[in-house]
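Trainee: For reference, the chains in residue letters:
Protein chains: 2
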Amino acid sequence: MTTTQSSLSTVPDPIDVRSLRAVMDGRWQAVREDVRARMGERRMHPDPEWSMAEHRAKVGEHMRKLAESGRASLGFVERYGGRDDIGGSVTSIEMLGYGDLSLMVKAGVQWGLFGGAVQALGTERHYDRYLREIMDYRLPGCFAMTETGHGSNVQALETTATYDPDSGEFVVHTPTPSARKDYIGNAARDGRVAVVFAQLVTPGGRHGVHALVVPIRDADGRPCPGVEISDCGVKAGLNGVDNGRLSFDRVRVPREALLNRYGDVDADGSYHSPIENESRRFFTMLGTLVRGRVSVAGAASSAAHVALTIAVRYGLTRRQFAAPGAEEETVVLDYLAHQRRLLPRLATSYALHFAQQRLVEMLHEVQSGGTGDETAQRELETRAAGLKAVSTWHATGTIQACREACGGAGYLAENRIVQLKADTDVFTTFEGDNTVLLQLVAKALLTNYRDHVGDLDTLGMIRFVVENIADTVAERTSARALAQRLRDPDLEDPEWHRSLLEDREEHLLAGLARRLRRAGEADADPFAVFNAAQDHLLTAAKAHVDRFVLDAFDRTVDACADPGVAGLLGRVRALHVLALVEADRAWYLEHGRLTATQSKQVLGMVNQLCAQLRPHARTLVDGFGIPEAWLDAPIARD
Amino acid sequence: MTTTQSSLSTVPDPIDVRSLRAVMDGRWQAVREDVRARMGERRMHPDPEWSMAEHRAKVGEHMRKLAESGRASLGFVERYGGRDDIGGSVTSIEMLGYGDLSLMVKAGVQWGLFGGAVQALGTERHYDRYLREIMDYRLPGCFAMTETGHGSNVQALETTATYDPDSGEFVVHTPTPSARKDYIGNAARDGRVAVVFAQLVTPGGRHGVHALVVPIRDADGRPCPGVEISDCGVKAGLNGVDNGRLSFDRVRVPREALLNRYGDVDADGSYHSPIENESRRFFTMLGTLVRGRVSVAGAASSAAHVALTIAVRYGLTRRQFAAPGAEEETVVLDYLAHQRRLLPRLATSYALHFAQQRLVEMLHEVQSGGTGDETAQRELETRAAGLKAVSTWHATGTIQACREACGGAGYLAENRIVQLKADTDVFTTFEGDNTVLLQLVAKALLTNYRDHVGDLDTLGMIRFVVENIADTVAERTSARALAQRLRDPDLEDPEWHRSLLEDREEHLLAGLARRLRRAGEADADPFAVFNAAQDHLLTAAKAHVDRFVLDAFDRTVDACADPGVAGLLGRVRALHVLALVEADRAWYLEHGRLTATQSKQVLGMVNQLCAQLRPHARTLVDGFGIPEAWLDAPIARD
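Chains as they are written, first to last, in our numbering: chain G, 1 to 638; chain Y, 639 to 1276.
If you're looking for bench data, these hints aren't it; they were derived computationally from the structure.
Source: prediction; values computed, not measured.
Note that the Cβ used here is the ideal one computed from N, Cα and C, for glycine as well.
Check before you lean on any hint, since a few could be wrong.
[Unchecked claim] Taking beta-carbon pairs under 10 Å as the criterion, some of the chain G residues facing chain Y (in silico):
| no. | residue |
| --- | --- |
| 1 | R341 |
| 2 | Q419 |
| 3 | N531 |
[Claimed, not checked] Calculated Cβ distances over 12 Å to all of chain Y for the following chain G residues:
| no. | residue |
| --- | --- |
| 4 | R21 |
| 5 | R189 |
| 6 | P215 |
Let the hints inform the model, and build the full structure from the sequences given.
Mentor: If you want it as structure tokens, here you go:
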């Protein structure tokens, strides 16, 4: 086939796919290989003809098998039968994203959210009682945080847990319809207990949101007295997960039901906590639950890998329209328009995968090493929030592009893409709405990680910016930016690519700080100032994530010993970065970072890089290492 | 609520919603009101718990009701019981897009594609035999064009229809697996006959693709001898439509089965046609079938209207996070980020709706007035192709944005958005893949409508461009562009908005012509030149559609007698155009059409326009006039 001639360096050929896959598998390669060996021989994804009930039943079976495999115990403490391997547990969940996303979510609910909350917020008495039954799935449980009226603003939850010193019990209650727990995984069918987040009330007053273990079903599966359970019904996807709604009518649980690591109530009703400030306490509690966000980012990326693998394989066999004089029709991946649909997204999938690996390492280090380093914890929370937002949006867009690239065949359930699309759609919403998460990222950056991610107190943030940060940020930036502007760049230079992303992040952040300072002026309406800057805030957060992702990419390439693989990854990095710059080149033009000529050259270079990577497209999707049985789509067959 | 103060003119208040709705209903208001009156009282959209079989059965019932209503006959000729109202028939299909899109597609297959093909390609003998039974749904039929190996390049279909002079019959045959008819609506369950597109072969040779009426099922629903029928199975959506696959093993049909308006075979096997050139003949035949593309564009827009109505209503009741000092939490549509998700898309939905109305008028005029004016026919084809691509991509993006804007509630089937999303996903593919359609648009522009849309003969196009058009296009542009660049614009001026879109279209087209001329150079590889310019080609086509859409908007506003409505629409127009310019402002910067300062001002103006239209959001979605029963989503209740 004819491809555009390129002036850029070419990639060594052939590439050692095993070597590439080792880079992609990373530190938890053994966990990945274990999943492939134990589950990779049979089809995992749901039959599209299944009813919701059938899919739920099948996921239930798989859950029991997972429990038997021992991988469910990876993330739990060793002295209760766990394996103290937090990174491994998240990697295991990420691998399930290649199979059935309903199973991934159900496993995430049981062992990540529910089990993770018991472990992170509870103490020995809860470990003794629950951890083994959680790991082996004898005790299916729920993570009951979200309420119908309170999705993003969970600090304003309305459910109450009121301590009654006379009986030594908490009374868990749903005071209004908007306080109903909603979208709760494991609630509609399987859950026997729920970790319920509620406003803690003692005779001494209110103490903010805390979590309690509340039984919701008896051994026969009937709702416990006072607990009303309903089913959320059919969803776009993830119909193997039994999402439901829970309401509590003055349900009594013993005092010991309180997960009391960060706040406890004595028998006499007196409240005490190691963290004085109520808001800080709540966000410290939330911060320990970051694993869920990390898992969702990873599984979203896995789903995008499956879709890209199917679309690239089909794009390499599907032919349409003959070139002038040609006998055979042209392979569709030889069309520039088709390459542009798939290859920049493939490059970005690589970049996000390396960032995910880095994030999992950070998670593992922070959570294995105790809670000592507050800055590391907050950086972790910030990066988890940011990468979750960027990876899930990337998955949504990529799976959509793959569907369209596969035409009518892509629309048939048998070819898998539509299920991936339907399943992952909510990933941009759950575990934190992406828009809200990016605001939290921006806030963390503006306040230099002063607070835990999660607290979107606008006024407090603005005050802090006004008082502390703006000048520093602004000064740090200007010198670099100026130097950047004066450079005459080599458009192939990886360092120039890096400086484009770094400079944008710093400039956006400095400008944001300047804008928000106006909120401190005497006649300003802080909400109006904040709201008018909201798009700026989101852009700045996204720019930060882009830079973090590039850092992780460079770490990976630096550590790569195989020159062929490193060379290929260098081209992938260039396509990833230049596609980002291309998409946001208006910003670079507006701020004098690119001339009009350079900006047009960026477009041309993206085209050239697509042509360069086209011969390696199959190698790149093979690098994901998805078991063949999990790719069982007629259009993906070789 | 606090909104950013605006320097732009404000909209008169209150707006007369009935007056707005009359503008939106347009010329075929009576058809819209008839649909509302007859069907608007009951829920139309599918129950998410239905199996595929149940949904198909329900759509079958609705089809029979539609046939009884008489609206199915709108698009057919009067002397066979039709009503000769082509615009009305398309409007009627568009209205079904507010209800159940499976029904819309099934109706489109039966009365648009299948019935339309019989009427457009057949002659009196076919009308006599089929039209009444088609209209009253006694004869469910298929439009069997697409083959497994031939989606976009339908001129290369492999199915053959070989005339046998001895028996006076055609032998319809599927010679290879890739020649199997695929994704055919009405095939898996209901179809009794199919209009089969096949290469016509006579003893004298091959004559290109023609269509024949081929029985596929007998009266008892069993496949006819030699016809193999299979089911495409579950799809992402549209599961009320029975898509299937058809293969023919030397199936014999009488000579009269050939739809013989554009080519006929005498009993002795001699072929004759009013159109000598085989390719031109085929695309003339395809051109008569443009109604399907127009219908899909309209129905996609309808689905986007439903999603926007639900998301805007929810955005006006849902509250999250309190502003500093506020008692109540903030209504989410008061956040700039939420406005930016929904309001520019709402504005563009208005623009596309007016363009759709204009397109339907053109269709009605061309098809009611006979086939006299070739240029009008080709303009119609070009605009149908372009608007179909832009409207269906807009629908995909808008429904996705609405899903995310509704958070977890948007993911529940009960709130309708996910079904709209799943149903419309394939609209970007069927009735012409959007990427291919935009290439056809570019080709029509480059060759000044020399040929029918549909013929993507790269070499022929390039030759024609080289020989004829490039200079003219280039000259026409340069003078205007220069004048434009030198202007110091008023950023609120509608004329400036118009010139931004016009200038971009002309410049892109001229540049494209210059690039493609290189293909005429002695040592050039025409495919490589074409392929390298493919992204440029798509951008130019999109720019043309944007300008056509603006023309239609201005026609509508000019004809609007109500000053309040006209004022509101003026703001909607500004938001639509400036959001387009904002999205493509890199181009304007690269080509000196906007300074960096102006470009940043465009961003600010989009924010301001969002704030201005925020109080009118409910009015604007009420303007769509969707029956309340069809909006039956818990989150959309008042």
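Trainee: Honestly, which of those hints from before does the structure not fit?
Mentor: Structure breaks no hint.
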